[in-house]
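K.L.:
Below are the chains, spelled out letter by letter.
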Amino acid sequence: MNWFVKNLWLIPAIPLLAAGLIALVKQRERTFAVAVSIGGMAISFLFSMVVFLQTVWPDGLFRETYSFDWVQMGEATLRLGWVLDPLSACMVLMVTFVGGLIFIYSAGYMAADKNFTRFFCFLSLFAAAMLGLVISNSLLLLFVCWELVGVSSYLLIGFWYEKPSAAAAAKKAFITTRIGDIGFFIGLLWLYRETGTLLCYDGGNGCLEATALSKLVSIGTIGGMALSTAIGLLIFCGAMGKSGQFPLHVWLPDAMEGPTPVSALIHAATMVAAGVFLIARVYPLVAATPAVLHAGSDSPAAMVASAHHADAGSHEGSAEATVARTAVHGDESHGPGKVSPALRVVTWVGALTALFAALIAVGQNDIKRILAYSTVSQLGYMFMGIGVGGIGVGMFHLITHAFFKALLFLGAGSVIHGCHHEQDIRRMGGIGKFMPVTFAAYAVGMMALSGVPLLFSGFWSKDEILNAAWMWPVSKGPFLLGVLGAFLTAFYMTRQMCYVFFGAYRGGEAHADDVGHSADAEHSHGNGSPSESPAVMTWPLLILAFFAVVLGAFGTPVWPSFEGYLEGHGASFQFGKLFQPGTLGLMGFSTLVVFAGIAVSWWFYGLEPPTDPDATDAVEQRLPRAFVLLRDKFYVDELYAASVIRFNAATAWFFDLLDRQFLDGVVRGVSFVVTGFGWLTRLADEFVINLGFDQGCRGIRWSGARTSRVQGGRVQVYLRVLGVALVVIVLLFTWGGLG
Amino acid sequence: MLAWTVYLSFASALVLMLLPKGRVDLARGVGLGGALAGAVVAFAGSMMKQPGIQEICRIPWIPSLGINFHFAADGISVTLVMLTGIAAVVGVLFSWNIGERVKEFFAFYMVLIGGVYGVFLSFDLFLLFVFYEIAIIPKYFLIAIWGSTNREYGAMKLALYSFVGSAMVLVGLIAAYVVSGGTTTNLIELAQFGFSKEFQYWVFPLVFVGFAILAGLWPFHTWAPTGHVAAPTAVSMLLAGVVMKLGAYGALRVAITLFPLGAQAWQTEIGFLACVGIVYGALVALVQRDFKFVIGYSSVSHMGFVLLGLATLNEIGLSGAVLQMFSHGVIAGLLFAVVGRMVYDRTHTRELAVLHRFNLSRSLPFVALTFVVASAASMGLPGFSGFVAELQVFIGAWRAFPVFAIFSGVGLLVGVAYTLRALQKAFFADPELETETRGPVLDPISMPEKCGAMILMAATLIIGLYPRLLLDLIVPSFSSPLFDGLRNGAGL
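Sequence lines, in order, name chains A and B.
Heads up: the first sequence runs through residues 1 to 739, numbered per the working numbering.
Heads up: the second sequence runs through residues 1001 to 1492, numbered per the working numbering.
None of these hints come from the bench; they were simulated from the model.
Mixed in with the good hints there might be a few duds.
[To be verified] Listed below are the simulated DSSO-like cross-link pairs for lysine-lysine, each with C-alpha atoms no more than 27 angstroms apart in a straight line:
#, chain 1, residue 1, chain 2, residue 2
1, A, K163, B, K1425
2, B, K1425, A, K114
3, A, K163, A, K26
4, A, K114, A, K26
5, B, K1450, A, K114
6, B, K1425, B, K1450
7, B, K1450, A, K26
[Unchecked claim] From the derived model, a few chain B residues whose C-beta atoms are all more than 12 angstroms from chain A:
#, residue
8, V1040
9, Q1192
10, T1268
[Claimed, not checked] Per label pair, the in silico range of CB-to-CB distance:
#, chain 1, residue 1, chain 2, residue 2, range
11, B, R1289, A, L663, 13 to 23 angstroms
12, B, F1199, A, S218, 36 to 46 angstroms
13, A, P609, B, R1289, 49 to 59 angstroms
14, A, V670, B, T1149, 20 to 30 angstroms
We put the beta carbon where it would ideally sit given N, CA and C, even for glycine.
Work out the full structure, taking the sequences as your base and the hints as a guide.
P.N.:
Written as structure tokens, this is what we have:
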């Protein structure tokens, strides 16, 4: 076996070790903490690079696994293991690279924090858990890391736990994602029950391989749903929680209470994408339908997934994969029946969330919250991409998004840092002049997110999704939602840019005494004007900006190398694809949509930049009611507070009452009766004693007084006497019976 | 060898009673020595245990009735004996600050420990019952004399419940003894006797519920929270950590092995009650204002998983239940240690709302850390023993009754909610409040406390990461002749 596959565990183990080392040292060992955690991340990155190259190499390995027994219970075993395939290789590379940059950035951003060392300990812990998650071959190990990722996210959101809002946000995040996790967990139990394994790939015996899948597809459950669909949907619950999909999206915007590098790393680039990754990992299961399984000798996904062993010839591989791709993309010959119900749900949830969150983002004024809703929306796009176009499409957007969203968050962090911890975009403005590097990098990120054509990676990945959605045989609905979302994305990002970087600076003194004297503007410039962040923060921005541009080259329709890579066949350079019907037209259309969004937004906010931080928003002037609805996030939080949370509290209160009053009342009642009985016997004793046994009574009284001193003991003694008597009687009877 | 755990415990109790008055340090030393010696024997004996059921000693006791003084051990006994060893040592460490009637305290304490060891090692019904009763008596005095809030009430309630439970068990056992011909009380022989189905059908619930009362079976659980709250710290730790396991152990060792057909007949009902207990305990814990009540109800919820595992009657579920007994013993011990000893003895309050003011995460960072670890373990996070145990219970439950497994999943969720609530309320205060009323200076954490907490944290982590240490002991136990009945009855 390949040495690197066998030792793949080193990738998460090194950051874990770093976390352990940092936990052992004192808070003041700052340099040590930074060095160890960044060093650990760097080693992991180099290792990831090597394994990644192995998967890229022509005729290189496609999928190798390593598994071992963890728990054995009779014939049932639980096995853990890891897998090296393109999916895990590209994820480890992305996580270590983006993560490493964010670590470096944090060294500057958190420099003034008193718990600096603890911060790096948590960051390393998170990285370890996340890397473990992406390499695991066992859904159980994946779940374990999934939970650990959740814990480190909890720790990092609540890092400034002195802020009540941060503590509340941490709790909310943990519990909300846990709701999804319960579904995930139940899905795993069911899967284990039916297939006897939780290993994804195990030389034909894994739960994502053909044998298990055809079994799962053939079993029906409630309402004629195939078992694979039911399990797929349960697992999707977990993904929805982690990736903040509607209706479990409420925690993600609140999670912005954490330090900004955390938002960049965990709540934009990596952890929240874990849900998308999970669906990509179990795609064969989610996509399995009898029709698909029987059409080819295998399901399209399983084909993509398992047909290409390391020894498979590249030619054969690409032929099969082509079949798979056409099956996934749904040619005319393959009707909508091929699309599994689970995949439809994934698509619709993704598409709806994409639009829903984009709408909310329009009404927000906190720089990080806008980005948070934007993340929710983009995650929706990823799910939609997986649903309509397979893992290649969804994962490509995941990777490009990781870069440009990390860039945007770090840029926002730089702005916040420069503006003395101001996060309200209405109190910024004109920052482009003060922070040119940040401005340039942020602009790249904004254009990548909006999908400005040709140069920026976001354009290509979003275009892939829209393209696949257009071809989706089931419905055109997701396509329309996606297009609307794209328009809104361009709109709210331009709005944010205008507020933050253009116009005149609206912060400073005016904010400090909260009155809004515009006359003091010059004074505030002299005193509290924003300043550019140090190099340790701007360099990561520039590197991320570079990648936000170039990554697009790997996913153009002309040269879809990333998709080819994930699906295990090389991509060929086909210029002709560009001129296939639809492709170019769709690209033109999406370009138009994006520019429309930017133009409308520029018209609203750019032409005459707002000068007063308390001025009414341009959208609010035109559509006041709608804007309030968006600003208040469609009242989802309020709805939950009024329904689920209140119901839960009421049940808990009721049970508490039941316990204290009713059940306890019964106990008290019984004990009252028993005590009463005890009193009766004692009275009878005294009565009998008074009749004549004067001599003996003294002794018994004395002992009675003794026992009554220990209040309550009396009952026990009486009962015990009864018990012993019972024993004696029964023993005597049986003895007699035997004799 | 393992029998020495029992003898050593009783011997140290005897020594303690003979000690002169006022020798506080000596009494503590003897207590710790006795507990440590017991623990060392427990661990050494477990390491050297032979596969299968290992005979330890068998001396005729009341030959005319077929009663023997019969100690033996299988993997299940050994697991729980080790748990008792750990709990005993840690309990002494956390009662280091007991000031009044020290030697009596430790004497009662060691009698309790000895009784518990005895129950786990007895393979004779009569002997088992005797030890079971021995364990009940010192419990009452420990709470009534050294307890705190509402102690007489708590002690009384616990004693009453225990007594009702034992009475039920006794009736059932005597019935079984008579029906089997009245020649033996040997557990293995009785398990292979093969009671008629009708007989098992009415005896099983009697014996099972009788034992399970002590394991906090809903709706007979109300002794647990009040008892835990009333008890001094070490006794709460033992109550939740070990004594509740006596009930669960009895239910498995006696009720399920002797009456497997009855168990099958009542499986769903028990599963249902267990499931209700899980969710109910968690929900009630969510609204408690007293820190110790939160932990008390969490015990009810966690013991629900043990009972759910028992109700599955399959190998995975049963071994999960035994592992959960160990895991909960350690975790509950840790939680009670934090609440009762580390926090309450310093702040003299357990009101979550008041604890806010002490800003404990700053003033007692070690305690905060311990409680964070304990909460993580209690929430069943991977890496801690609770996860492995609950996972197995869930897998087993999914085979037996998927609906209950889903329902219990809700318990997991609420478990997170109440744990985080308690954690944040008690330890992570908001600074405004804290600066106004800076709490009094609290004593630093003493060495015995640190050692005790470390031992428990290490135990839950080691088993969480490498569960085979215990599972390799537990799982083979289910292939012994004791479980023949269950196996033949198409269970397991």
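K.L.:
Please go over all the hints and tell whether each is borne out by the structure.
P.N.:
Quick rundown of the hints versus the structure:
1. A:K163 x B:K1425: holds, 13 angstroms
2. B:K1425 x A:K114: holds, 23 angstroms
3. A:K163 x A:K26: Given that 27 angstroms is the threshold and the Cα spacing comes to 24 angstroms, the pair holds.
4. A:K114 x A:K26: holds, 12 angstroms
5. B:K1450 x A:K114: holds, 26 angstroms
6. B:K1425 x B:K1450: holds, 23 angstroms
7. B:K1450 x A:K26: Holds, because 18 angstroms separates the two Cα atoms, which is no more than 27 angstroms.
8. V1040: Answer for B:V1040: holds, closest chain A Cβ roughly 28 angstroms.
9. Q1192: holds, 21 angstroms
10. T1268: At about 18 angstroms from chain A, B:T1268 clears the 12 angstroms cut-off, so the statement holds.
11. B:R1289 x A:L663: 13 to 23 angstroms: holds, 19 angstroms
12. B:F1199 x A:S218: 36 to 46 angstroms: holds, 44 angstroms
13. A:P609 x B:R1289: 49 to 59 angstroms: holds, 53 angstroms
14. A:V670 x B:T1149: 20 to 30 angstroms: Roughly 22 angstroms apart at Cβ, these two residues keep to the hinted range, so it holds.
Consistency note: the structure conflicts with none of the earlier hints.
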